[in-house]
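Asks: Residue numbers (the numbering used here), protein chains in the order written: chain A, 1 to 450; chain B, 1 to 1186.
Honestly, the hints are just simulated from the structure, not real lab data. Please note: incorrect hints may appear among the correct ones.
Using 30 Å as the maximum straight-line C-alpha spacing, the simulated DSSO-like pairs for lysine-lysine come out as follows [what the hints assert, rightly or not]:
hint: 1; chain 1: B; residue 1: K882; chain 2: B; residue 2: K794
hint: 2; chain 1: B; residue 1: K905; chain 2: A; residue 2: K22
hint: 3; chain 1: B; residue 1: K807; chain 2: B; residue 2: K869
hint: 4; chain 1: A; residue 1: K93; chain 2: B; residue 2: K755
hint: 5; chain 1: B; residue 1: K1161; chain 2: B; residue 2: K1117
hint: 6; chain 1: B; residue 1: K477; chain 2: B; residue 2: K450
hint: 7; chain 1: B; residue 1: K277; chain 2: A; residue 2: K27
hint: 8; chain 1: B; residue 1: K199; chain 2: A; residue 2: K93
hint: 9; chain 1: A; residue 1: K27; chain 2: B; residue 2: K766
hint: 10; chain 1: B; residue 1: K498; chain 2: A; residue 2: K27
hint: 11; chain 1: B; residue 1: K199; chain 2: A; residue 2: K26
hint: 12; chain 1: A; residue 1: K26; chain 2: B; residue 2: K353
hint: 13; chain 1: B; residue 1: K1073; chain 2: A; residue 2: K26
hint: 14; chain 1: B; residue 1: K199; chain 2: B; residue 2: K609
hint: 15; chain 1: B; residue 1: K233; chain 2: B; residue 2: K609
hint: 16; chain 1: B; residue 1: K869; chain 2: A; residue 2: K27
hint: 17; chain 1: B; residue 1: K277; chain 2: A; residue 2: K93
hint: 18; chain 1: B; residue 1: K199; chain 2: B; residue 2: K346
Using C-beta positions, here's what the derived DEER-type ranges look like [unchecked claim]:
hint: 19; chain 1: A; residue 1: Y23; chain 2: B; residue 2: V924; range: 33 to 43 Å
hint: 20; chain 1: A; residue 1: P78; chain 2: B; residue 2: S399; range: 35 to 45 Å
hint: 21; chain 1: A; residue 1: H206; chain 2: B; residue 2: Q634; range: 37 to 47 Å
hint: 22; chain 1: A; residue 1: S284; chain 2: B; residue 2: T962; range: 55 to 65 Å
hint: 23; chain 1: B; residue 1: E1076; chain 2: A; residue 2: N30; range: 58 to 68 Å
hint: 24; chain 1: A; residue 1: H206; chain 2: B; residue 2: L654; range: 49 to 59 Å
hint: 25; chain 1: A; residue 1: D254; chain 2: B; residue 2: S399; range: 39 to 49 Å
hint: 26; chain 1: B; residue 1: L505; chain 2: A; residue 2: Y23; range: 21 to 31 Å
hint: 27; chain 1: A; residue 1: S295; chain 2: B; residue 2: I735; range: 28 to 38 Å
hint: 28; chain 1: A; residue 1: D365; chain 2: B; residue 2: T639; range: 55 to 65 Å
Chain A stretches covered by chain B per the calculated footprint, using a threshold of three residues with CB under 8 Å from any CB of chain B [what the hints assert, rightly or not]:
hint: 29; stretch: 86-98
hint: 30; stretch: 365-378
Since this is a predicted model, take the numbers as computed values, not measurements. Virtual Cβ for every residue (Gly too), placed ideally from N, Cα, C.
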Amino acid sequence: MNQIIKISTALFLLVALASCKKYLDKKPANNIDVPTDLEDLQALLDNGRDINQNITPGFGEGASDDFFVLQQTYDILPIRDQDLYRWVPIEYKYPNDWSKNYLPVFVSNYCLELLQDISVNSKNRQLYENVKGTSLFYRAYFFSQLAWTFALAYDESTADSDYGIVLRLGADFNVPSTRSNIKETYEQIVKDAKESATYLPDLPEHTFRPSKAAAYGLLARVYLTMRKYDSAFKYANLSLNIKNDLIDYKTDIDVNASAPFDQFNIETLFYTEMNSFTSTTFTSRALVDTTLYASYTDNDLRKLAYFNPKNGYFSFKGSYTGTSTPFTGIATDEMYLIRAECYARSGDKENALKDLNTLLEKRYDATFTPVSAADAAEALTIILLERRKELYWRGLRFPDIKRLNKEGANIVLVRMISGETLTLPPNDNRYAIQIPRDIVDLTGIPQNPR
Amino acid sequence: MQPIATRRISQLIVGWSFANSNCRVMKLTILLLLTTFLQVNARSWGQEKVTLNLKNASLEKVFMEIRKQTSFDFLYRDELVQNLPKITIVVKNATIEEVLSMCFEGLPITYSVEGNNIVIKEKRDSVAGTAGTKEAPPIDVRGKVVNESGNPVANVTVAVKGTSITTLTDSDGRFSLSTVDYDAVLTFTHVGMEPFELKVSGQSELLIRLKTKVSELDGVTVTVSTGYQDIPKERATGSFVKVDNEMFNQQVGTNVLDRLDGVTTGFQTITGKSDTKRTLNIAVRGLSTINGNLDPLVVLDNFIYEGDINNINPNDVESVTILKDAAAASIWGAKAANGVIVITTKKGNFNQKLSVEFNSNFIIKEKPDLYYQPTISVSDYLAVEEFIFNKGYFNNQISNTSSRPALTPAVEIFLKRRNGEISAEDSAMLIDQLKSYDLREQLNEYVYRKAVTQQYSINLRGGSNNLAWIIAGTLDKSTGSMQNEFDKINLRFNNTYKPLKQIELSLGTYYTNSKDISGMNPVLTVNNRYVPYLRIADENGNPLPLYTYRSGYIDTVGAGHLLDWKYYPLEEHKYYNSTTNLQELIANVGMGVQIMKGLSLKVNYQYQKQWDEKRILADVRSYAARDLINNYSQVNYNTGNVTYIVPMGSILTLNYSNLSSQNFRSQLNYNMTWGDHGVVGIVGFETREVKSDRNRVTYYGYIEDPLSFTSVDYVNRYRVFIPGSQRTIPNAPAILATTVNRFVSTYVNASYSYKSRYIFSASFRKDASNVFGLNTNDKWNPLWSLGVSWDVSKEKFYNIQWLSLLKVRTTYGYSGNVDVSRSALPVAFYSTNTITNFPYGRIGTLNNPSLRWEKNGQLNFAIDFATKKQILSGNIEYYRKKGTDLYGATPYDYTAWGSTDVLTKNVAGMEGSGIEIGLTSRNVVGNFNWTSKFYFNYLENKTTVYYEESAQDVSGLITGGTAIMPIIGKPLYAIAAYKWAGLTATGDPAGYFEKQISTDYSKIIAQDGKKGFEEGSFTYIGTAIPTYFGSLINEFEWKGLSVAVNIAYRLGYYFRRPVFTSSELINRGNGHKDYEKRWQQPGDELITNVPAFVYTNYPQFIYRDDFYRYSEINVLKADNIRLQYINASYSLERKNRRLPFQRLTIYGNISNVGIIWRANKEGLDPDSPSSPPSPRTVAVGIRGSF
């Protein structure tokens, strides 16, 4: 009997006292981890689904003049999209353009913070620099997208009083959000983009990843919106020096196809797509502005490659995503147009037209004759029209309108809806889209004035 | 009905004793005693003949000779025969009776015959017997209690009359009492057995055979199982309900949980809800959580069951215990907040004769009623289709050159007419032809069948004195209503072996293999549009094709180089099928050691593994394969060459998922009684690991024999015909992560009873798990319970004669709810990006170290009662539940992260309360028996704490009712609606906006829900799950014939009825019959509430429909009473018939019989308002044992 007691006690205690710490330290799944090392960080930055696809804001496009919707389409729009279309204050909450575009910012900040604990050596230098450059690039890229949507146009004279965006520069979610001014916003973007270019490789392994060419492209874009044309020129030029490929619409694509362009085509420097929160940007709903459509001549292959007849009007089919989702990334055609514009603005008509014709030659059929202009000013007018025609539906029209109105272009947007005619005058406060209601409520940051 | 009662029931008392020194003899005697039980009753008394020639022999010698020659054995106390004179006997072919009467002549002993035993007793009037008792010293008494079939009875209260000495029998029916008076009288009481008294008369080893109480045959419970221990229900303070084998078998379905519906309190089947955290569709005492897991915990015998509940065959189930309150359930700790369902399987017993049980039945389920939902006539439908065609509705689809949507047959005709390809007369004629078609008729004829299920099961049980075993096998075969098939085999083996008296070893396995083969499942919409005149077969029943893309396009594209691109609804299942093969093995080993008196150790280990293989084969002839091959084909129109990107051939997709669990438990049991005191306790330690993994692989160009397949390019994009863009080949292989969840727990549970009328219980448990990111020390989470019960009727002052039992119980305690998907560090999930082929990571949660498990406190108060002779018995329970630390979404500044707008924290709270009444009334007792069982449940719940923003926005309830929607102060499933102001003079629905009648629907809908119901456009309706529910079961029984009728009721809740809306009809082709009642001309608004039919260009077209759909006039009271099932059976007993069976029962069952009463006048089944309700099933079967 004693034996049994002894054995049993031993047995019970053996099990009860066995260390359960190790047993419980087992990871609950082999596909999860607390990201810490460089490979982990690179993987976070390679999350294309959250960073490249379905991401950039659609509010700007939804408020722009590149499209219109029929009354019957308008009637079935969500209230927010109707309000956006009519330029009245929009009320909305999560999820939205704001939340989407701050996610890559968080990932960047998280990586940048962890990089501080990782020492660089000859073995990991390349990866380290790619992680650092990518993080800085993403932060700059998405800050620029946010600034174009939620802040007014950059204006040197009022830049330190106009509201910028929330510049989150760390991953700690306990740090409260505050609004910067426009000057701080753009300074941060430029600083991050410039620094990123020093780390990134000339060209990426995949256009889901940024590169020097893309960072220069971003800087060209941002300086252009700041109307700092010298700098814009410099970086467009640097970008084109690395890569200047163009698709020849005559030979490289089937303009009649329902989606003529390949995803990740040779013009793409950095790939992003517009998100789908704003349903007016769906090609099933948006119809091309009729005046704009009429401005494409019949020998312009873009007329076929970009548009599809729909209900007596035309809808867009020419996205560089190869699907109906709008492409909003950086491409070489945009760089040509920025450089051409900057040449023209600096009075260099010849070089401006040279860049423009290099591009257009690939866009028109064999009957194309090179564009000429009386002077640089006329060249600029032509270039700006071609810019609008070439970069259609890329999320660039809204910041362009803002910028060009600051240049005195006096672009007045007009909508006709339910028998009413609505207009949006130049430099209106409504060019800064309303920040989500819940963010204003939670953080107390000021709402864009109306 | 009465397997035991009608058999010959007797009470047998055997006593024997022997010299304490002679241990070997004792053992032998016990062995003998036990083995005799196993012998089959082959020949009967009086037939066997004996021949003896003994001179001067002891009686024992005589007995030994008789034993040799017959099948009879002798039981006697040694001292009873030792001192008797020797005898001489010579007989030839005498009966035993003759021999014994010769032998016993003049001796102070007599005998009786019990089965194959001849029991030697003292003569009652014997002077010698009483002489010794007077001065006899106290003795120690041991014994065993068995029932009529010789099976041990546990938890019998053995008391020494006139003293306070009591004890309980253990699971082998054994008990022992020390220092009992030589002629003390023992009383044996047990809830399920007739009480019995026995004079010890110096016997120290007793075998007591108790008679089963007649009331027990009606299913009164004996012991309940918590999965950790078996407790006599009378000693429990907590709230347990047990569904015994008979009740469990009143329903015939193949799912264990389905059989619990309507036969107990506190259990509810949930219908029509879409919560993702619910997989079992059942609830115990309603809800305990808002965002946590909603399933009660299912325990199979000792351990948590992780597999598919359909794997458990009801025929293997002995009984089910439902643990409802904290005292009952908290022993299961962090997973018990939703209640626990303990399934106890059939087992073999020690010292049990071989018994065989079989069951076979046949269940037929009617076709679903396709006409349940009233719809508009085909001619109305066609008129609408023509109207919207003329409005230009289909123009987008007609001109769509990317996705090439198919057009309905009528639209094709209208289009031909519009294009001038056919005349107006031709068009009218073709349309008229369509009017004669009805898709539902064809579905009834060609697709739906009566579903048939056959169940066969057999089990063999037996046991010797040191071995108990069961072997069982069951087979289910079903053919579903769409010719889908389901087969299942269960095999079970369970064995308990006692190598030594103190040691018990057990081994068990349970194996399941099921096969689920898909049948027809035709897709019968055209471009997501329901078309009532669609034809799937012609007049002769030949399959007709259906265009899934535009007919003109797929007929010509590819210039004849492609495969047929049409879909044949009646053919597809021949070439496309999925087979799911599921196997499960549960193996367990256990060891029990009796350490010392009252203290034992039990160590158990269980391994479970479930393999699930889903094999989808799309033959090259199937539409699924043809569609994919065609779409990716690259046709060179000049040469006619076709390059197949998706190879020509069949497509095989294999999905594998594995689930395994390992459980280990080490537990000390203590059971001791001294004087008025009794203690039963357990203390234990357990670990559990659950592991799962999944993967998927697709083979293209698959040929089964000779086996071959073609590898494909998943990386590059290829231009596809539809929608004309570039795509990669779908279904690249994928391995999903292996997940491992581990738990470690320690627990104590003890109850103390005083004078068996005051019982106190307490339990304490700590759980820990490897919830990722927490430190081990922080993972421990203590949960506890306390309980007390008082049997008032056992008090001396109690003198209510008619109420023989009155007991009050109350408990309080906490259980938990764990959701292992919640985590506490910035955890990233890793995978590979299919576009770039780079590994990628995605942060899934932000750091939240304070995350804990949910806690649910429950207070239970109960009264158990029974009138004299158990004419009326039952219990009433009242409980309050309070969920604290519930997972709740808390808003934060998502500028900081963006991936979600809320973080999960332990911030939410809810409350629930309920009343349960269970009554059993024996209305008529005698040859004819009529028993009624009445179950009543009342339950309510509400959200008490949730984050401010959305939890106060009552507009969330407008579309609510089908999933949990936390709104503070409202039930978790609740319905609100738009206030209704009738139809306007133009046939538009009107509501209220800022207290004014309004038709500005977008304003009404966007009304700020945080202002509540007072001034808003909304009105609160009520809960969407029953507040009151239960059932009434009437059982009638006469001479082996018995009938049970279950009437179930569900009251105090609401549902939304399907309605007619213009958008549903125009966009989806779904036309409710209310279309005929629509407003058509001024004045109609006085007689109808159905809005006018309008086209999509109508202002606020969608909002108008949303407003109407969710307005208060379309919310109906859901209350209903239904005839749940009727069960009839006829049993034959062996008693006085020459049957090869012990018992044979023929039974029939009809379930889902129909609704007896419903509050709504639309004829809708509130549990299934928009789809055909579960059809009626009829079952017949036979069950027997021998």
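Asks: Go through the numbered hints given earlier and state which of them the structure violates, listing their numbers in rising order.
Replies: Structure breaks hints 1, 4, 8, 10, 11, 12, 13, 14, 15, 16, 18, 19, 20, 21, 22, 24, 25, 27, 28 and 30.
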